[in-house]
Every structure is written in C-alpha cells, then in structure tokens.
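Peer 1: Now for the letters of each chain:
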Amino acid sequence: MLQPIPDTSIFDLRLSRRGLRLNRMCGTLCDPANREAFKRDEEAYLSRFPLSEAEKNLVRKRDFAGLIQAGLNIYWMLKLGSVTGNSLYRMGAQMRGESYEQFLATRRLKDAV
Amino acid sequence: MPSRIVGGLGLSHVPSVGVAYDRGKLQAPAWKPLWDAYVPVREWLSRLKPDVAIVVYNDHGADFMLEKYPTFAIGAADSYAIADEGFGTRPLPAVRGDSDFSFHLIESLVADEFDLTVCQEMGVEHGFLVPMNLCFEHAADGWPVAAIPLQVNVIQHPLPTGRRCYKLGQAVRKAVQSYGPDLKVVVMGTGGMSHQLQGRRFGFMNEQFDQMFLDELEKNPQKLAEMSHQELMEQAGAEAVELIMWHVMRGAMSPRARRVHRHYYAPMTTGIGLITFEEG
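Protein sequence lines, in the order shown, are assigned to chains D and W. When we follow numbering that gives the first Met the number 0, the leftmost residue of the first sequence carries the number 0, and every step to the right adds one. When we follow numbering that gives the first Met the number 0, the leftmost residue of the second sequence carries the number 0, and every step to the right adds one.
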C-alpha cells in the first residue's frame, strides 16, 4: 500500500472516484467546440454536468489546489487551465502558495516555457 | 530473417517540447541543449533504419478517460490520429501503424500472459508525439517509421510494478523475434524523469536521482526495476513514476546491448533525460 507523501497528491482509486464528475467535465474540453462553449458561458457549461455546488465553486475560484484535493487529475486540470488562461506554471505557482514571478525565480531557465 | 530489435531509447516526453517544436523554437537558447543532444540520435537512427518504433507511453486524458482505464493497451490499427488533449490538434501527419505486426505482438504477448487492451482506434498525443518529434523527421504526409503505441497506466494507482514493466519488455522482445517478416524495430520507453506537477511540492526535481536512474538503467536494470513506486515518487516526485515505462524498453534489450547516447537537461520543472542502447 502507498503511504502519504508530504505536499503531494497520489491519484489513487479513491481520489479518482471522488473526482470522476470533475474529470468527466474537463475531459470534454478536448473538443474545440466545447472549449468555445466554456469560454462563451462558463456557468451554462458547468450546468451541463452533475457537478456539486462545491465542485463548481472550486472551478469558479480557479482553486487549483482545492480541485486536486477534490480528485481532479492534474492532466485533466490542464485542460481547464487551457480554457481559463492558466498555464501549468501559473497553476503550479498557486499550488505552491507563490506568485507566478516568485515561482519562476526558483527555476533555472525562465524562458523554457 | 525474422524481425529483430536494433535499438532502444529512454526519453522524456515533456509537453512544452512539442509546443516549442511547433513554434520552431527548439533551436532557441532555452531548448538548444536538448536539440543538440538529439542531432546524433537522429543520425544514429537513420543509420539503424528501423521499420517500426514500439512507443511505450502514457496518454494524458486525450484518448483514454478515467471511466474505464486499462493498465496496458496496445494499438492494432494501420493509422493513429493526432489527438486533441485540450490545447488543439498539433499540425502533424497521422502516424502509420502496422496492424499485422500489432496482431502478432498481441497474440504473442497474450500467450505470454500479458492481457493487453486491444485498440483498433487510438489517438496519440504528447506522450507519444514528443519522442517521435525528437527522434524522427516527418514529411507533410507521414513519418519515416511505422509505430505501435503501447499505453501504460502511470496515472491512476495501482500502477503495474516496475518488475512487471521489465517483464513486459522481455515478452515484447520474444514477440518481435518470432515475427516472420524481416523488420528492424526500435523500442522507446518514454516519460519522466523527476518531476511533480501538483501539490505544494509542484516543481520538485532531483538531478542526483535522475543521474542514478540513468546509471542503473545501463548497468543494473533488473535491480532498478525492483524499486517501489513509493520510493520513486518520494525521491523524484509523484509524476516521475512514469519512469517505469523505461523498464519496458530496457527489458526488451538483450544483455549484450551497449549504451550509445546519454544526456540530461533540467531547465524548468522536469528532468529531461535521454539514453540509448544498440544491439550488437
């Protein structure tokens, strides 16, 4: 059995089960027409899916750390990032509790983005 | 002469490399060290002239969704479409398959007790395409090699063990060598190296671990494949567990294979590794 690792989410079956609704919604964003629909009217798009109010709030607030805890897989979260203008590094900075600039300052090469 | 494996590669499949490739930026200073490392690899591959690349990779939610998630899945099609993983479809030609060879691999692997999910349709994305971009130059209408995608679950635990992946590689070797047509095959194990993409430990890398992994993959691959997922994730970050796919490649190489290239570059959030082996 896997043991917890500090400051790390391990995407196991329990977490995957918890996040299934969110992952399903984000999975639909692999279709360009759906991405357009999301950008045009986010609320209407979210209402197409059986998401809980708490899950919708995490999306509305762009609470990436909260979404990971709610079972959204990082690779499905990247699709949400794409439609909300949040790159991996922006999401990462937020999860670290840093500004984007603070995060970039910790990297060796800032332009290999 | 039956088919044979002529070479193996372990290499990372960082998505930003695909973006840089499409924008023509791989020769800009940030990516040049990586680009330069692959120049001799492409020359080497053009000497080996493989007919088929077996690409061991993982999908990132482009074609495989979590409602049903296979542990091992293999392509059995004559063409693989470029999938949209949420950022648009990359301007690349579809990848030619070889369904007869796929069928043989599947028959042999299932007989060897590797019960793979068979995919007569499969879209491929950065996990597969970034290694293809780095290793082969495509034309407008296709690629210089056919490919067989072999998808491994490295994202939803429980994952296959490293040892299981190594044994799958050994079974792939046996399957290739029992195929009648005279094909030259390379096996590519993709993903890793150290990285973590979520939690407060986002951005974690461990170059010392990555260099150790490259050393041991060359010298003690069976021992390396015994490393637990727990240890791998603790040492190298949760997403570094993709490295188990390199064991499939290594398991497919003979004990006589010699290491040819090795490179490491870690500019941002992922240790980008490269190692190649050639059969004698």
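Hints may contain errors.
To be verified - No farther apart than 35 Å at their CA atoms in a straight line, the calculated lysine-lysine pairs in the DSBU-like style are these:
{"hint": "1", "chain 1": "W", "residue 1": "Lys67", "chain 2": "D", "residue 2": "Lys38"}
{"hint": "2", "chain 1": "W", "residue 1": "Lys67", "chain 2": "W", "residue 2": "Lys31"}
{"hint": "3", "chain 1": "D", "residue 1": "Lys60", "chain 2": "W", "residue 2": "Lys222"}
{"hint": "4", "chain 1": "W", "residue 1": "Lys67", "chain 2": "D", "residue 2": "Lys55"}
{"hint": "5", "chain 1": "W", "residue 1": "Lys183", "chain 2": "D", "residue 2": "Lys38"}
Claimed, not checked - To spell it out: a stretch of chain W is covered by chain D in this simulated footprint if at least three of its residues, at any positions, have a beta carbon under 8 Å from a beta carbon of chain D; those stretches are:
{"hint": "6", "segment": "54-62"}
{"hint": "7", "segment": "80-92"}
{"hint": "8", "segment": "191-200"}
{"hint": "9", "segment": "227-233"}
{"hint": "10", "segment": "254-261"}
Hints were generated in silico from the structure; no laboratory data involved. Model, not experiment: these values are computed from the prediction. Beta carbons: idealized from backbone N, C-alpha and C, even for Gly.
Peer 1: Hint by hint, note whether the structure agrees.
Peer 2: To see whether the hints hold, each was checked on the structure:
1. W:Lys67 / D:Lys38: Holds, at roughly 28 Å.
2. W:Lys67 / W:Lys31: violated (40 Å)
3. D:Lys60 / W:Lys222: The hint is violated at about 46 Å.
4. W:Lys67 / D:Lys55: holds (24 Å)
5. W:Lys183 / D:Lys38: Roughly 47 Å between the alpha carbons, so the hint for W:Lys183 and D:Lys38 is violated.
6. 54-62: holds (count 3)
7. 80-92: holds (count 6)
8. 191-200: holds (count 6)
9. 227-233: As far as the segment 227-233 of chain W goes, the hint holds, because 4 residues have Cβ atoms under 8 Å from chain D.
10. 254-261: violated (count 0)
Comparing the model with each earlier hint shows violations of hints 2, 3, 5, 10; every other hint is respected.
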